[in-house]
Amino acid sequence: MTCTDFQNKLPDMIDGEAAGEHAAHLKACAVCSDLVADLRAISTGAKVLCAADEPSPRVWANIQRALEVEGLVRTPRQAGGVLIPARRHWAPAWLVAVAALGLVGFGILIYQNRSAQPIPVAKETPAITTVATEPAAVADDDQQILAQLSPAMRTTYENNLKDVNAFIKDAEESLAQNPNDEEARHFLMDAYQQKATVYELAMDRTQ
Amino acid sequence: MSSRQRGGAVAVVMIACAIAVSASEKKEFNYTVGPKASITINNQFGPVSVKPSTANQVIVTAILQSNKVEVDDSKIGDRVELKSHLLPGASPDNARVEYEVLVPADASVSMHSTNGPLRAEQLHGDLTLEGDTATMEVHDVSDSHVHVNSLNGPITLTNIHNGHVEISSVGGEVVLNSVSGPLVSVTSTSGKIHYDGDFGTGGDYKLTSHTGDIEAIIPADASFDVIAKSMRGDVQNDFPLQPKKHITFVPEKGRSFVGTAGKAASSVLLRTVSGKIRLKKR
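Protein chains in written order, with our numbering: chain H, 1 to 207; chain Y, 1 to 282.
So that you can see chain H by itself, here it is in the shape it has in the complex:
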């Protein structure tokens, strides 16, 4: 069997298994086996991309939950909520952009809220709860962003997000311990801005 014969049957083999003389050729020919492997990887990747096309409702739910914990928005009465419209017609890129803006906005709101109304340490439970519950939500949002990047870029961004999340965690813990510390507030703002920078750069790469 020649490579041309084999490749004429290629579409049938991407999602299935080769049989008979096709299987023998696949085993013997490095060029055709590489080709099949590449096409299968692209096929798998395309499925993942379809799933990742739009941020999951959890992204919106996480942002909303965090805002509710901070007392910055009330629980919505209608289905879908303030941040989860019942029907969305926006393009996926816009949704991710809005998620990033939400992140920055959330940081600013935390900053302004705490800046305007310093709370005694003994009453800091909501803020500590936020710190404790946020990593899972943050991880979800990060995964949404990372899923849209090419595999070659994903590792770089993943490492950078880890560093920035550690910065945010440190700043949050510091602010929880010293709610009246102006520097701790500035650190938190700076950390959120760093994360916004990473999100912005990631979004540029996906356009």
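Hints listed in this document are in silico derivations from the structure and should not be mistaken for laboratory results.
Keep in mind that the hints are not guaranteed to be accurate.
[As the list claims (entries may be wrong)] Straight-line C-alpha distance at most 30 Å; calculated DSBU-like pairs for lysine-lysine:
(1) Y:Lys276 / H:Lys169
(2) Y:Lys68 / Y:Lys26
(3) Y:Lys75 / Y:Lys36
(4) Y:Lys281 / Y:Lys244
(5) Y:Lys280 / Y:Lys253
(6) Y:Lys253 / H:Lys169
(7) H:Lys169 / Y:Lys206
(8) Y:Lys68 / H:Lys9
(9) H:Lys162 / Y:Lys206
[To be verified] Now the stretches of chain H that chain Y is said to cover, found in silico as 3 or more residues with beta-carbon under 8 Å:
(10) 143-156
(11) 160-167
(12) 184-193
Because the structure is a prediction, the values reported are computed rather than measured.
A virtual CB, placed ideally from N, CA and C, is assigned to each residue, including glycine.
Following the hints, position chain Y against chain H.
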């Protein structure tokens, strides 16, 4: 290896080089623009270098590595956009484009590249540089807003005067040589920040990091007010500072210091979570 074999090897290398050169393609674009034009260059892979042109011309030379990439260009009014357009089969190696761009000195320039390097010099319009691992260099720029966003690329700014400078870098080292202006702000997560200059004559300087060290080397006649704080790292001051009359916090030895030099023309804030801070006299 005999001389005959060596000759053969050289010939093979030369043929390979000739094939590589012939695969690349050079393109030139020329535009006439008005004052304060806006130029954007989006290059996924490869360098971008921007220098001033002699007239109101934007002259672009792009060397395309292969036919897996093409350059899309557009001009609407005084806004010029160039974009490397990746075609099927493109990779970081074969989709590389090298841009040499000449722009009017007062043009606003925005440039993006994943791996760069990005370079801008002798301009006085606003500059924006963005990249992932790209090395970024800006020098001999005045009266400009300079915005730099980077993940891990090293950033060097030299001879920036009357600048409004904002740098955000996650892991790349940031080096500022003779950088002054109303605002100089650097935020880094893990990258080091190095400032060598005099803090100008009336600006706001904020250097912030999470784990990266911060070092500032200052001439003896500099005039500034400084607050330096590291929450978990060490601070070291080799500069003869005068105590401040009014302070908003009590410095903790080894963790923070405050003071004044000269007439306190500029305000300097150095702060880090766990990096080290060092203020040195030049």
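CA of Lys68 (chain Y) to CA of Lys26 (chain Y), is that 30 Å or under? holds, 14 Å
Do three or more residues from the stretch 184-193 of chain H put their C-beta atoms closer than 8 Å to C-beta atoms of chain Y? With 5 residues close enough to chain Y, the hint holds.
The stretch 160-167 of chain H covered by chain Y? Criterion: 3 or more residues, Cβ-Cβ distance below 8 Å. Answer holds; 5 residues pass the 8 Å Cβ test.
Please verify whether Lys68 (chain Y) and Lys9 (chain H) have alpha carbons no more than 30 Å apart. Holds - the C-alpha atoms of Lys9 (chain H) and Lys68 (chain Y) are around 27 Å apart, at most 30 Å.
Confirm or reject the coverage of the stretch 143-156 of chain H by chain Y under the rule of 3 or more residues with a beta carbon closer than 8 Å to the chain's beta carbons. Check passed, 3 qualifying residues.
Between Lys280 (chain Y) and Lys253 (chain Y), is the straight-line Cα distance small enough, at 30 Å or below? holds, 17 Å
Are the Cα atoms of Lys253 (chain Y) and Lys169 (chain H) separated by 30 Å or less? Status holds; Cα separation ~26 Å.
Decide if the proposed pair is consistent with the structure: Lys281 (chain Y) and Lys244 (chain Y), CA atoms, cutoff 30 Å inclusive. holds, 19 Å
Is Lys276 (chain Y) close enough to Lys169 (chain H), meaning Cα to Cα at most 30 Å? Cα-Cα ~19 Å, so holds.
For a C-alpha distance cap of 30 Å, please report whether Lys162 (chain H) and Lys206 (chain Y) respect it. holds, 24 Å
Assess, step by step, whether the Cα of Lys75 (chain Y) is no farther than 30 Å from the Cα of Lys36 (chain Y), and give holds or violated. Answer holds: Lys75 (chain Y) to Lys36 (chain Y) is near 14 Å, not above 30 Å.
Given pair status - Lys206 (chain Y), Lys169 (chain H), alpha carbons within 30 Å: With Cα atoms ~21 Å apart, Lys169 (chain H) and Lys206 (chain Y) stay inside 30 Å; holds.
Going down the numbered hints, you'll see the structure goes against none, and every one checks out.
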